[in-house]
Amino acid sequence: MPEFFLPLLTPILVFGAIMSLVPMLVLGERRIAAAIQDRVGPNRVGPNGLFQPLADVVKLLFKEEIVPAGVDKWMYFLAPALAFLPAAFAFTTIPVGRGVQIADLNMGVLFAITVTSLGVYGISLGGWSSNNKFALLGGLRSNAQVISYEICMGLALIGVLMVSNFFYDVEAGQTAAVVSSGGIVELQSGSIFNWNIFKQPLGFLIFYIAAFAENNRLPFDLPECEAELVGGFHTEYSSMKFAMFFLGEYIAMVTMSALTVTLYLGGWDPGFSLPEGFLGTLISIGAFVVKVLILLFIYIWVRWTLPRFRYDQLMGLGWKVLIPLALFNIFITAVVCLLMG
Amino acid sequence: MSRLKDPEIRQLEQNPEPRVFLTEEEDELGGKRMVLNMGPQHPATHGTLRVVLVTEGERVVEADCEIGYLHTGFEKLGEYMTYTQFITVTDRMNYLSAINNNVGYALACEELLGIEVPERAQVLRVLLCEISRIADHILCCGLQAMDLGAFSAMLWCFEEREKIYDIMELVCGARLTTSYTRIGGLFRDVPEEFDGKVNQLLKGMPGVLDELETMLIGNRIFEDRLHGIGVIKKEEALNWGMSGPIARASGLAYDVRKSRPYSGYENYDFDVPTQTAGDSWARFVQRMAEMRESLKIIQQALAKLKPGPINVENKKMNLPEKADVYQNIESLIHHFKQIMLGHGVQPVRGTEIYTPTEAPNGELGFYIVSDGEMNPYRVRVRPPSIYNYAMFTQLTPGCMISDIVAILSSLNVIAGELDR
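Chains as they are written, first to last, in our numbering: chain A, 1 to 341; chain B, 1001 to 1420.
Mixed in with the good hints there might be a few duds.
[Stated by the list, open to error] Derived pair list, reagent style DSSO-like, types lysine-lysine, alpha-carbon separation capped at 27 Å:
1) B:K1258 - A:K73
2) B:K1296 - B:K1258
3) B:K1304 - B:K1197
4) B:K1032 - A:K133
5) B:K1296 - B:K1163
6) A:K59 - A:K73
Derived by calculation from the structure, the hints in this document are not laboratory data.
Could you put together the complete structure from these sequences and hints?
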């Protein structure tokens, strides 16, 4: 194979995997929800309902496309794409296996965080442009929510970077800061106790809660909030444009889980030393996928268990509880690093 | 001045001006306030209600309700139907607990006619009323959870309700619109499997309630969403004529089953739980507590259920057996007299009665006036929902849009009962 095909192969494989994971995730969500609710769930299409995602996609594609009167056409069409793309972009910097990464940017973590927060533009533009008050409220809520929880997330991330760089300094005697996701995973490999979750338990909790809010999942699903805002920001969307929002939400879930795994759960590290060569790479990819699936299961589990917050309570939790806790986490980390170094 | 002569009101009736919610300075382009139209088709209204909210951002400044989207003319229908025919209409009032309406109406007619139903019919009525009360309450609790986002809890509640409806189906063949009572008794006796089914329900129910409590009452988010939302004070509950779980959640220990016992409720040992807070949370807890009391009543009623007739002996009141009608001239005449126009149940001219019963949502009263014909002269229904809903606009100012949903679901407004 010519050399220049290799860099193309990884993106194709990774994006192909995500795009095929998402429909399965939707099916998984429906089956898990059914199990929680004492139901059977979709089991008619194909063996055990396995082809249900295909049926869903066909249904969504063939639905009538309705553009309500008075919409801001440009933004209305742009929003679904904006909701969908950033989450997929963020995946580029995530190492899915040993040496399997689309782009190991030297500030990969910052890139991922920045790009995922762009996803909110899709939601707020969708809410703004669809000429519907419920959608507008959903979009506004989403803005406020993402801004507040982004801060928690960033502050929690500082803890990880501090810990990573501290050990980096000690072990390798280097002074350059590690902000690349590949580097952070590299530092966590070898033993299960190297994982950042053990060094940053509080940080992990804050990051994971903020990830729920960032993805607009219950208990933070205020932007769509079907009980009061009908459908929230996507009330006026139908057919494939609705599917894009849907797809964006699920890809964002996968990306956020992958990011959490990368930052806190050792990334592709299976917890033991990997054999050399292709086999080791395969095992590392497997370990990564299993961890991501576990986190995705928790997403679904929480969604079908908890009620949702009210808008002011959500803000209160973000600003009055999580941000002070994240600052406290940074402080403790700094003190410990100082004492140990 | 009487209402009809007031020129201003007459003008309004002839040419109603649309209500203006926002002045020009505060309109949407000014960016200060917004009018949000919730309903008549909105997931939170659980029926067809319309609530118009004036909001400042997320905060509600003013709310206005509009009812009448499910207007059915039940009361007027009562004037054109015979006393027995109207039973089917009562099903549709509070369609979540049809039996309670059936019993309420049958009791009113029986008091009007001055007849007493046999022991077994009374016990069965109590038993089925309480089962139906559980079905109503558990659905209300589930919907309250669903409106706050806990969808799974709602489906668990629905499952239990389906089990209860299985019992209803066994008893009268219908799940929702039961039409089980007749004037002077019941439509038919319960089948043999009935006891077993009820015992099964009695065994399973406490576990389900416990599960719901651990899932919701122990949940901080759920608690925070409901505490202090839609507070109804005891005096307010009294002044606005509230009843049922909503009044009791405000500390008003008023229960028709205790204050004016009917169908032998005085012989059952049960408490009337009350709360003091009067908020949405208290109403949720109140309904959970009432379900446990209902279970107690069901248990006692099941023990009291002895074989016997289920209809009064009076052949002028209930239809004879079909086999008798074909064989026996007496029965044929009775059947004819019951069914044909201008005959049937005819209370004495000029008698009137108001009979309250304790329906799941509160006091359900039927006021019936007879003019000696086969149709009532007037059937007036006092449904609990409209009195419970009346204060809604007073509860909303200052709360968030999300709280509107929490208040609405805790009031458990049944649109079919609101607009008769």
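Hint consistency between K1032 of chain B and K133 of chain A [alpha-carbon to alpha-carbon, up to 27 Å]: holds (14 Å)
Satisfaction of hint between K1197 of chain B and K1304 of chain B, Cα-Cα up to 27 Å: holds (16 Å)
Given pair status - K73 of chain A, K59 of chain A, alpha carbons within 27 Å: Answer holds: K59 of chain A to K73 of chain A is near 24 Å, not above 27 Å.
Pairwise hint evaluation, K1163 of chain B against K1296 of chain B, where the allowed Cα distance is 27 Å at most: holds (18 Å)
27 Å Cα cutoff - pair K1296 of chain B, K1258 of chain B: Judged against 27 Å, a Cα distance of about 15 Å means the pair holds.
Agreement of K1258 of chain B and K73 of chain A with the hint, judged by alpha carbon distance not exceeding 27 Å: Violated, at roughly 63 Å.
In this structure, only the earlier hint numbered 1 is contradicted, and the remaining ones agree with it.
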